[in-house]
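Student: Given next are the chains, with one letter for each unit.
Protein chains: 2
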Amino acid sequence: MNDINFAVLGTGGIGRRALEVSADKDELTPIAACDRHGVAVNHDGLDVDELLAATEGNIASDGGTTIESGGDDIKEHGDDKGVVASAQAEPTETPIEDIIAEYEAIDAVLIALPNLEHDFIPTVAERFANAGYEGVLVDVLKRSRVIGMLDDREEQLEESGITFVCGAGATPGLLTGVAALAAQSFIEIEEVEIWWGVGLKSGYEDNRGTVREDIAHLPDYDIESARALSDEEIEEIVDAHDGVIEFNDMEHADDVLLERAGICDAEDVTVGGVLDLRNDEKPTTTTVKVTGRTFDGEVGTNTFELDDDTSMEANVNGPALGYLKAAVRRNWTGDYGVYGPAELMPGF
Amino acid sequence: MNDINFAVLGTGGIGRRALEVSADKDELTPIAACDRHGVAVNHDGLDVDELLAATEGNIASDGGTTIESGGDDIKEHGDDKGVVASAQAEPTETPIEDIIAEYEAIDAVLIALPNLEHDFIPTVAERFANAGYEGVLVDVLKRSRVIGMLDDREEQLEESGITFVCGAGATPGLLTGVAALAAQSFIEIEEVEIWWGVGLKSGYEDNRGTVREDIAHLPDYDIESARALSDEEIEEIVDAHDGVIEFNDMEHADDVLLERAGICDAEDVTVGGVLDLRNDEKPTTTTVKVTGRTFDGEVGTNTFELDDDTSMEANVNGPALGYLKAAVRRNWTGDYGVYGPAELMPGF
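One line per chain: the protein sequences are A and B, in this order.
Position one of the first sequence corresponds to residue 2 (the working numbering), numbered consecutively onward.
Position one of the second sequence corresponds to residue 2 (the working numbering), numbered consecutively onward.
Some clues are possibly wrong.
[Claimed, not checked] No farther apart than 30 Å at their CA atoms in a straight line, the calculated lysine-lysine pairs in the DSSO-like style are these:
| hint | chain 1 | residue 1 | chain 2 | residue 2 |
| --- | --- | --- | --- | --- |
| 1 | B | 202 | A | 290 |
| 2 | B | 290 | A | 290 |
| 3 | A | 290 | A | 202 |
[What the hints assert, rightly or not] One-sided excerpt, in silico: chain A residues whose CB lies under 8 Å from chain B:
| hint | residue |
| --- | --- |
| 4 | 93 |
| 5 | 178 |
| 6 | 182 |
| 7 | 185 |
| 8 | 186 |
| 9 | 188 |
| 10 | 191 |
| 11 | 192 |
| 12 | 268 |
| 13 | 271 |
| 14 | 300 |
| 15 | 310 |
| 16 | 315 |
| 17 | 316 |
| 18 | 323 |
| 19 | 336 |
[What the hints assert, rightly or not] Stretches of chain A that chain B covers, calculated by requiring three or more beta carbons in the stretch to come under 8 Å of a beta carbon on chain B:
| hint | region |
| --- | --- |
| 20 | 21 to 32 |
| 21 | 291 to 297 |
Worth flagging that the hints you see were computed from the coordinates, not collected in a lab.
Backbone N, C-alpha and C define an ideal beta-carbon position, used for all residues, glycine too.
Let's have the full structure, built from the sequences with the hints guiding it.
Tutor: Printed below as a string of structure tokens:
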């Protein structure tokens, strides 16, 4: 496979880790990255070490990050240094537009802004399509309802020559793909249960956006009210749970992504987990269980477990770049449109 | 996805089960099947129930099956009834040629003849290419050395418009794909361990070819000597092991298929397992363990387990048809060549 030049939108926890992981992937060359204040572009490849050092403590994925409809204004809480602190970067007020301007040099874009308005990622995709971008877009979104918004734009993306892989992190993403593979033993799926554990003591600062997004899944919150929380209010919620928050029946897109792939009904998929903000050890083992009926009439459960020693960051960023590579391979053969991780698996 | 018309070469255990599983897959229509004595073709879809009843006890995959170089003569041991016993079938002395003659109506071919000479499957692929077939070929081969023989023919397959997925059963196949996904947590893979259990009491008659092929992995045998064994000699070997045979360091193509996909070196992959011919319960749980190092310096092991209640047949045929569908999707976008299961996964 030829080298893949890719860009990262957002240099919060996920964007920074994706750049870091890409350094271990020979075929992947990061040539552009941005956050709200700055954009760094180098067609020969960014100096990832320098960029990571400059953006340490960056919280581009913080819940306050926003983009105004049709505009290019990423607003954020926090006082992080940002991309603009890098010697490779230029200050900008139009970071996404600046990345789009480089579209001819870019094979793939990782949209590492997980916690914006629901239509943010679909809108970004639309802007790339309008600019005439031919290539791959990958996101690590979580919410089920976003998938439909992408579907609404599928025709436009196809016409532009864009291959879009949505929900390509850990869950949805890695675990959705595993569920799709584990389903292959069966002719009918009864249930898919995804249960995750994340220990995020030392990684908390880098992942405040993720924590805020998770809080939106608690019974008394939704995405709007979670977005409105101050950092202090989030701390209070964490304290009220003694640092360990359990989530049930989360709106994770694994459900619609497995349904899209024809594997089961969305309602047969449950996602939950436990987030521990006081320990780095996982409070529970991340597990995927797929229960189904075989062609010869047995009912069984295939099970996948991530090692407790693999961090959330490892399980998001490896798969995100893996799906990115798979999408580029498709894009280069002229296979355009919107895909979920499970659709990149063997058909069911 | 549009309907896929597929053909099955061989109606032994794997071919018959693939036909049976396909009945539960809306998008898959079997339109042709053959064994050494007969060929059944119906462009509107075969009557699978009738064909299965007619071929019950068929052992087309028996170790004695052979095809002479350049010819079309499938010779077998046994006195099975075969496809020709079906009301849908015609007798033939050139079964593969008869299937190839239908190539314009066929989207995909499952080569369900696992235990022939090493160059059998590559030769069959070559014959389809020579005939001008554009479509998918899928096999469920096991031996590592066959992959190289397919690679030698890759250019010819590409020129014809063939997408070939090799080793698309359980191991290699399902478990190779799982290993490729499980590897996504890591930036470097230290070890992939595949350990399978198969209980084959009631399925023994249907899977004598598989048993013979497994015996070739025992320390005192190779594929030539195993092929030369009479059925009685095989029974003696089984008796000498009290019906339970353990295999270690098997030459299963998972190793080269994972190396092809850039996931690890072939030598870092081990495959072994236990075959129990006196019980239908699995003697050990089929497990895939992938050990690697994460980008943040941890070493961990991700683990996948197949439920003991899923049969070998379920775990071969579901994935084989799943990979077939994935390959057709590629083929229809003009993506030709030779792929292993791991290459259909997210890139590593």
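Student: Hint by hint, say whether it matches the structure.
Tutor: Okay, the hints, checked on the actual structure:
1. Restraint check for residue 202(B) and residue 290(A): satisfied, since their Cα atoms lie roughly 28 Å apart, inside the 30 Å limit.
2. Between residue 290(B) and residue 290(A) the alpha-carbon distance is near 16 Å, which keeps this suggested pair within the 30 Å criterion.
3. The hinted pair formed by residue 290(A) and residue 202(A) meets the criterion: a straight-line CA distance of about 27 Å does not exceed 30 Å.
4. Nearest Cβ of chain B to the Cβ of residue 93(A): about 29 Å, over the 8 Å cut. The hint is violated.
5. A hinted interface residue such as residue 178(A) counts as satisfied when its beta carbon comes closer than 8 Å to some beta carbon of chain B; here the least separation is about 5 Å, so the hint holds.
6. Taking 8 Å as the C-beta cut-off, the interface hint given for residue 182(A) holds, the closest approach to chain B being about 5 Å.
7. Interface restraint check: residue 185(A) against chain B, minimum CB-CB distance 4 Å, threshold 8 Å, status holds.
8. For residue 186(A), the interface hint holds, the least distance from its beta-carbon to any beta-carbon of chain B being 4 Å, beneath 8 Å.
9. Nearest Cβ of chain B to the Cβ of residue 188(A): about 4 Å, under the 8 Å cut. The hint holds.
10. Against a cut-off of 8 Å between C-beta atoms, the interface hint on residue 191(A) is violated, since the closest Cβ of chain B lies about 12 Å away.
11. Nearest Cβ of chain B to the Cβ of residue 192(A): about 13 Å, over the 8 Å cut. The hint is violated.
12. For residue 268(A), the interface hint is violated, the least distance from its beta-carbon to any beta-carbon of chain B being 20 Å, above 8 Å.
13. Contact between residue 271(A) and chain B, as hinted, is not supported at the beta carbon level, the nearest pair being about 18 Å apart and thus beyond 8 Å.
14. Look at residue 300(A): its Cβ gets to within about 7 Å of chain B, closer than 8 Å, so that hint holds up.
15. Here the hint on residue 310(A) is kept, as its CB sits about 4 Å from the closest CB of chain B, short of 8 Å.
16. Below 8 Å, beta-carbon pairs count as interface contacts, and residue 315(A) has one with chain B at about 4 Å; its hint therefore holds.
17. The beta carbon of residue 316(A) comes within 5 Å of a beta carbon in chain B, closer than 8 Å, and the hint placing it at the interface holds.
18. Evaluation of the residue 323(A) hint against chain B yields a held restraint, the C-beta minimum of about 3 Å falling below 8 Å.
19. For residue 336(A), the shortest C-beta to C-beta distance to chain B is roughly 4 Å, which falls under 8 Å, so the interface hint holds.
20. As drawn, the region 21 to 32 of chain A meets chain B at 5 residues by the rule of a beta-carbon pair under 8 Å; at three or more, the given contact holds.
21. With 3 residues having a Cβ less than 8 Å from any Cβ of chain B, the region 291 to 297 of chain A passes the three-residue criterion, so the hint holds.
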